[in-house]
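Enquirer: As given, the protein sequences belong to chains H and B, one line each in that order. 1133 is the number that our numbering gives to position 182 of the first sequence; each next residue is one higher, with no gaps. 153 is the number that our numbering gives to position 133 of the second sequence; each next residue is one higher, with no gaps.
The hints are simulated quantities; they were obtained by calculation from the structure and are not laboratory data. Please read all numbers here as calculations on a predicted model, not as lab measurements. Just to be clear, a hint being listed does not mean it is correct.
[Stated by the list, open to error] In silico DSBU-like pairs for lysine-lysine, Cα to Cα no more than 35 angstroms straight-line:
{"#": "1", "chain 1": "H", "residue 1": "1184", "chain 2": "B", "residue 2": "199"}
{"#": "2", "chain 1": "B", "residue 1": "297", "chain 2": "B", "residue 2": "256"}
{"#": "3", "chain 1": "B", "residue 1": "312", "chain 2": "H", "residue 2": "1184"}
{"#": "4", "chain 1": "B", "residue 1": "171", "chain 2": "H", "residue 2": "1184"}
{"#": "5", "chain 1": "B", "residue 1": "312", "chain 2": "B", "residue 2": "297"}
{"#": "6", "chain 1": "B", "residue 1": "312", "chain 2": "B", "residue 2": "256"}
{"#": "7", "chain 1": "H", "residue 1": "1035", "chain 2": "H", "residue 2": "1304"}
{"#": "8", "chain 1": "B", "residue 1": "277", "chain 2": "B", "residue 2": "312"}
[To be verified] Which bits of chain H does chain B cover? Going by a derived footprint, with three or more residues having C-beta under 8 angstroms, they are:
{"#": "9", "region": "967-977"}
{"#": "10", "region": "997-1004"}
{"#": "11", "region": "1048-1058"}
{"#": "12", "region": "1312-1322"}
[Unchecked claim] Listed next, with one range per pair, are the computed distances between beta-carbon atoms:
{"#": "13", "chain 1": "B", "residue 1": "253", "chain 2": "H", "residue 2": "987", "range": "49 to 57 angstroms"}
{"#": "14", "chain 1": "H", "residue 1": "988", "chain 2": "B", "residue 2": "253", "range": "40 to 48 angstroms"}
{"#": "15", "chain 1": "H", "residue 1": "988", "chain 2": "B", "residue 2": "254", "range": "36 to 44 angstroms"}
{"#": "16", "chain 1": "B", "residue 1": "160", "chain 2": "H", "residue 2": "993", "range": "45 to 53 angstroms"}
{"#": "17", "chain 1": "H", "residue 1": "987", "chain 2": "B", "residue 2": "157", "range": "15 to 23 angstroms"}
{"#": "18", "chain 1": "H", "residue 1": "1249", "chain 2": "B", "residue 2": "90", "range": "22 to 30 angstroms"}
{"#": "19", "chain 1": "H", "residue 1": "1249", "chain 2": "B", "residue 2": "156", "range": "35 to 43 angstroms"}
{"#": "20", "chain 1": "B", "residue 1": "72", "chain 2": "H", "residue 2": "1272", "range": "49 to 57 angstroms"}
{"#": "21", "chain 1": "H", "residue 1": "1272", "chain 2": "B", "residue 2": "87", "range": "21 to 29 angstroms"}
{"#": "22", "chain 1": "B", "residue 1": "99", "chain 2": "H", "residue 2": "1247", "range": "26 to 34 angstroms"}
{"#": "23", "chain 1": "B", "residue 1": "168", "chain 2": "H", "residue 2": "988", "range": "20 to 28 angstroms"}
{"#": "24", "chain 1": "H", "residue 1": "1016", "chain 2": "B", "residue 2": "160", "range": "14 to 22 angstroms"}
In this text, a Cβ means the ideal position worked out from N, Cα and C, and glycines have one as well.
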Amino acid sequence: MSATDTIQTSEAREPRFGFWRRSYAMLVKEFIQLRRDRVSFAMIIMLPVMQLTLFGYAINTTPRNLPTAVLTQEDSDLGRSILKAMQNTAYFRFVREVHTVAEFDELLQSGKVLFGVEIPRGFERAVRRGDRPALLVAADATDPVASGSALGALGPLVQTALAHDLHIGDPPEMPFEIRAHARYNPAAESRLNIVPGLVGTILTMTMLIFTALSVTREIERGTMESLLSMPIKPVEVMFGKIIPYVIVGFIQAALIIGIGVLLFGVPIFGSLILLALLTTLFITTNLSIGYTFSTIVQNQLQAMQLSMMFFLPSILLSGFMFPFAGMPVWAQYIGEGLPLTHFVRIVRAIMLKGAAMENLRYDTIALACLMLFAMTVAVTRFRRTLD
Amino acid sequence: MNGATHHERSSASGLAIDARGLTKSFGGREVVHDLSMQVKRGSIYGFLGPNGSGKTTTIRILCGLLTPDSGEGTCLGYDIRRDADKIKRKVGYMTQRFSLYQDLSVRENLEFVARLYGLPDARRAASEMIARIGLKGREEQLAGELSGGWKQRLALGACTLPNPQLLLLDEPTAGVDPKARRDFWNEIHALAAEGLTVLVSTHYMDEAERCHEIAYIAYGHLLAHGTVDEVIAGSKLSTYTVTGEDFNGLMAELSGKAGVDMVAPFGTSLHVSGRDKSALDAAVAPYRSDAKWHWRPSEPSLEDVFIDLMGRSKDNFQG
Chain H
952 MSATDTIQTS
962 EAREPRFGFW
972 RRSYAMLVKE
982 FIQLRRDRVS
992 FAMIIMLPVM
1002 QLTLFGYAIN
1012 TTPRNLPTAV
1022 LTQEDSDLGR
1032 SILKAMQNTA
1042 YFRFVREVHT
1052 VAEFDELLQS
1062 GKVLFGVEIP
1072 RGFERAVRRG
1082 DRPALLVAAD
1092 ATDPVASGSA
1102 LGALGPLVQT
1112 ALAHDLHIGD
1122 PPEMPFEIRA
1132 HARYNPAAES
1142 RLNIVPGLVG
1152 TILTMTMLIF
1162 TALSVTREIE
1172 RGTMESLLSM
1182 PIKPVEVMFG
1192 KIIPYVIVGF
1202 IQAALIIGIG
1212 VLLFGVPIFG
1222 SLILLALLTT
1232 LFITTNLSIG
1242 YTFSTIVQNQ
1252 LQAMQLSMMF
1262 FLPSILLSGF
1272 MFPFAGMPVW
1282 AQYIGEGLPL
1292 THFVRIVRAI
1302 MLKGAAMENL
1312 RYDTIALACL
1322 MLFAMTVAVT
1332 RFRRTLD
Chain B
21 MNGATHHERS
31 SASGLAIDAR
41 GLTKSFGGRE
51 VVHDLSMQVK
61 RGSIYGFLGP
71 NGSGKTTTIR
81 ILCGLLTPDS
91 GEGTCLGYDI
101 RRDADKIKRK
111 VGYMTQRFSL
121 YQDLSVRENL
131 EFVARLYGLP
141 DARRAASEMI
151 ARIGLKGREE
161 QLAGELSGGW
171 KQRLALGACT
181 LPNPQLLLLD
191 EPTAGVDPKA
201 RRDFWNEIHA
211 LAAEGLTVLV
221 STHYMDEAER
231 CHEIAYIAYG
241 HLLAHGTVDE
251 VIAGSKLSTY
261 TVTGEDFNGL
271 MAELSGKAGV
281 DMVAPFGTSL
291 HVSGRDKSAL
301 DAAVAPYRSD
311 AKWHWRPSEP
321 SLEDVFIDLM
331 GRSKDNFQG
């Protein structure tokens, strides 16, 4: 009897580094399960690749080869050079050459062309005289995004081409006027805006779902009963379930950014290390939120639904799809509560503007706060009994 | 030993489980009612009762998976309400439904448990357990692909791996073939011989008879407890074993007769039991003279006792 007494008192002590050991046990288990789940594993690779190529090419506010008509009222070298220069920008594709204003108007009105270029009579002579004649560029404004960037790119492109072609020197200003109010905008290429935003969007979706299912899966498979009967604490379960996916998320992020750079030519002006660090923070924040969902819902279907409910506003209110500043104030408040909002700012700033840590302090702290909040909710929500 | 008995009873450490007045309801339905039980250290304690009688709920309360609505108790000297974490470190719980990871191999499951409990060398602990439970050669097989008997064995291995002092086994042999069941029980006796306390719930009478002590629970009430002999003696049931031909007519005539509480066929014989011996004798007297049958007074079987207890408890708690 005394033997069991001593055993009881000596063994009641907790083994050393218990927290790390138990978290590690959970982590290894999750990794093995992930490795064995081939479908999920394939999705980790395929999902970002598919989405990025699909959206990267599909969501394009800078359309190419816009059908364009030309109204030539004089046949001159200068006129031909301008047209050639325009065609070389790849924005315009000349589909029709007309000779009357009526024909020109009809084409635009019927939507057969989106652009029309008119070279007026006596254009070349006026240019040589230095009169700065007008080159009329008419745009179908029903899709302002499409026409806007084409118009914007027109002036300098034509000027460069002309300087090259005609050897008329490098005049301080254009020898003719392009009659269209187009703002000069060198960053009009939409993929530069879209690809960094896509990094965050894809990560939100995949990370959220990975952990949103993690606790409900244990409950549905009946393994939760065993797990709860073992001496593991809610924080340890959480870390064990989140950490493997941080690594998965990091690989995904590297994949998406890699494709963005290689396939879409998106630059990374800022520090790659800073980008990696803040991306990891963003990944962990999303995993924490997903994990929180899984401690709230009762089954995997609810987990999916809740993830979708979170995902949609993330896309629409984060500034990824629509300019953040253009949203009403209440929507902006919601947006500030979404991790994607902060990450879209961070990733665009680092990749496109070369921002450093001191520019990103607010968004970094916001992400960290959201993460800690989610983790706290998850740990308190985690049910330690089957009651 | 005799001198120690008194000390054992009075000292809390002599009892692995000491629960008093446990009550638990789900959605207004009382699943466990005012249940008290004491389990001696180093003994095998059988927990019997029909489906839905509250066995699983009681076991879950004991290992900290459920909080009792009222009542208190200690498990290995730890309070079941406050020290759940300490209890979990010392108690191995084998769930009724296989609850290890189906997509993890035998070895990975055991290593997971070993790491969770902080065993110094998880890999070696797993290897030793694989050898002990006879799963050598299957260690890389996924747990979900094992047959029922092997799963059971793996589950037992997993819950004994961290060297617990108390095992709670919830219907561990349900759906397992007789050979695997016998091996399983030999293993349980070997573990008890090493000083482990085992609480095991079961439906099988032969398994009940392998326990040092048993308790019978129905509709959340503990109806009887003690050794098998004590429970049978405590039932105050008188039984006749009838052999002969054509029981069907006899069964129909005896059932419901005053003094006859239970008539149950056992293969080639019939058990006729009653709680009041003189009333039973009076009831069966007319049939004893019939040469077709041979009447012999006998001990009631454990099953007779349980079926009687169940019948009585139904009258008391369901009526």
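Enquirer: Now look at each hint and say whether the structure bears it out.
Expert: Cross-check of the supplied hints:
{"no.": "1", "hint": "H:1184 <-> B:199", "in the structure": "39 angstroms, violated"}
{"no.": "2", "hint": "B:297 <-> B:256", "in the structure": "9 angstroms, holds"}
{"no.": "3", "hint": "B:312 <-> H:1184", "in the structure": "69 angstroms, violated"}
{"no.": "4", "hint": "B:171 <-> H:1184", "in the structure": "26 angstroms, holds"}
{"no.": "5", "hint": "B:312 <-> B:297", "in the structure": "23 angstroms, holds"}
{"no.": "6", "hint": "B:312 <-> B:256", "in the structure": "28 angstroms, holds"}
{"no.": "7", "hint": "H:1035 <-> H:1304", "in the structure": "33 angstroms, holds"}
{"no.": "8", "hint": "B:277 <-> B:312", "in the structure": "20 angstroms, holds"}
{"no.": "9", "hint": "967-977", "in the structure": "holds (count 8)"}
{"no.": "10", "hint": "997-1004", "in the structure": "violated (count 0)"}
{"no.": "11", "hint": "1048-1058", "in the structure": "violated (count 0)"}
{"no.": "12", "hint": "1312-1322", "in the structure": "violated (count 0)"}
{"no.": "13", "hint": "B:253 <-> H:987: 49 to 57 angstroms", "in the structure": "55 angstroms, holds"}
{"no.": "14", "hint": "H:988 <-> B:253: 40 to 48 angstroms", "in the structure": "57 angstroms, violated"}
{"no.": "15", "hint": "H:988 <-> B:254: 36 to 44 angstroms", "in the structure": "54 angstroms, violated"}
{"no.": "16", "hint": "B:160 <-> H:993: 45 to 53 angstroms", "in the structure": "23 angstroms, violated"}
{"no.": "17", "hint": "H:987 <-> B:157: 15 to 23 angstroms", "in the structure": "21 angstroms, holds"}
{"no.": "18", "hint": "H:1249 <-> B:90: 22 to 30 angstroms", "in the structure": "27 angstroms, holds"}
{"no.": "19", "hint": "H:1249 <-> B:156: 35 to 43 angstroms", "in the structure": "40 angstroms, holds"}
{"no.": "20", "hint": "B:72 <-> H:1272: 49 to 57 angstroms", "in the structure": "54 angstroms, holds"}
{"no.": "21", "hint": "H:1272 <-> B:87: 21 to 29 angstroms", "in the structure": "48 angstroms, violated"}
{"no.": "22", "hint": "B:99 <-> H:1247: 26 to 34 angstroms", "in the structure": "30 angstroms, holds"}
{"no.": "23", "hint": "B:168 <-> H:988: 20 to 28 angstroms", "in the structure": "24 angstroms, holds"}
{"no.": "24", "hint": "H:1016 <-> B:160: 14 to 22 angstroms", "in the structure": "58 angstroms, violated"}
Against the hints set out earlier in the document, violations occur for numbers 1, 3, 10, 11, 12, 14, 15, 16, 21, 24.
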